[in-house]
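Chemist: Line by line, the protein sequences are chains V and P.
Following the working numbering, the numbering of the first sequence begins with 2 at its first residue and continues without gaps.
Following the working numbering, the numbering of the second sequence begins with 79 at its first residue and continues without gaps.
Keep in mind that the hints were calculated from the coordinates and are not lab data.
Glycine is no exception: its CB is placed at the ideal position from the N, C-alpha and C atoms.
Among the hints, a few may not be true.
As the list claims (entries may be wrong) - Simulated restraints, written as ranges between beta carbons of each label pair: (1) V:ALA127 with P:TRP91: 39 to 45 Å; (2) P:SER101 with V:ALA127: 30 to 36 Å; (3) V:SER74 with P:LEU181: 28 to 34 Å.
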Amino acid sequence: MAKAPSLSNATALRDETVLRRVRQLGSARDGLREWRSQRLTAIALIPLGLYFAASILWLAKSDQATAAAWLSSPVPALLVILFVLAGFAHALIGLRSVFLDYVHTRARLLAAELLVRAAALILAGASVLAVLKLFLGR
Amino acid sequence: MQRPLSPFMFPVWYRFQISSALSILHRLTGIALAVGSILLAWWLVSVAAGGEAFAATHAVIASPVGMLLLFGWSVAFFYHLCNGVRHLVWDAGYGFELHHAHLSGYAVLAATALLTALTWLYVFLA
């Protein structure tokens, strides 16, 4: 079946990767780096996620002051920031692989990726700022 | 001829298999957790803001719908965590025998149920 020239580069924002492929320097994309950072963030998220879940459970019946005091101490502040950063990095890779499987046009794929990236940056930024505000303002 | 496409073959065209069911569940819970991260950011911001913002967030979380969302979030979290460990074990090169893969699948389901049950027992009893 005749097809339009290669969709396989659909997610590359730069064209230098195409040159790499033409020169037979291997894959034009960066699957291995993504694959690896998905695993690394997954490993980090095991202790960080368990810590966060246990903390939320411990805070379940407490008021705002207790939660704020918890978030403003150094160790919880650091661990929650790390949890948020690792979590959003992990989520971005995962969502991207879902899009790659189910979104089949280049424009929609790019739109979906930009939208999710923007949302993740805003949410992660807001979360980190919230923790920093409590930590610095204690 | 209209052939069914891959992700939508599962319930109708394919026989049920624990392996494929858990695989698609891993994705679905991953997506759910990503959406749930909005709640995480919202909660952190409302703790930092304090006052009325926190009270409003707390009211939403403590409402029946909020509790249902939290319950769903906890199931998704524990499932994705346990099955994620299963995937990491595979990545390390272990557990590929079919009966091992099935066994670890049931173990993941059991662990998810146990962790979720313990969590909510703690919430309601402690």
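Chemist: When the hints from earlier in the document are held up against this structure, which numbers fail?
Modeler: Number 3 - this is the single hint that the structure violates.
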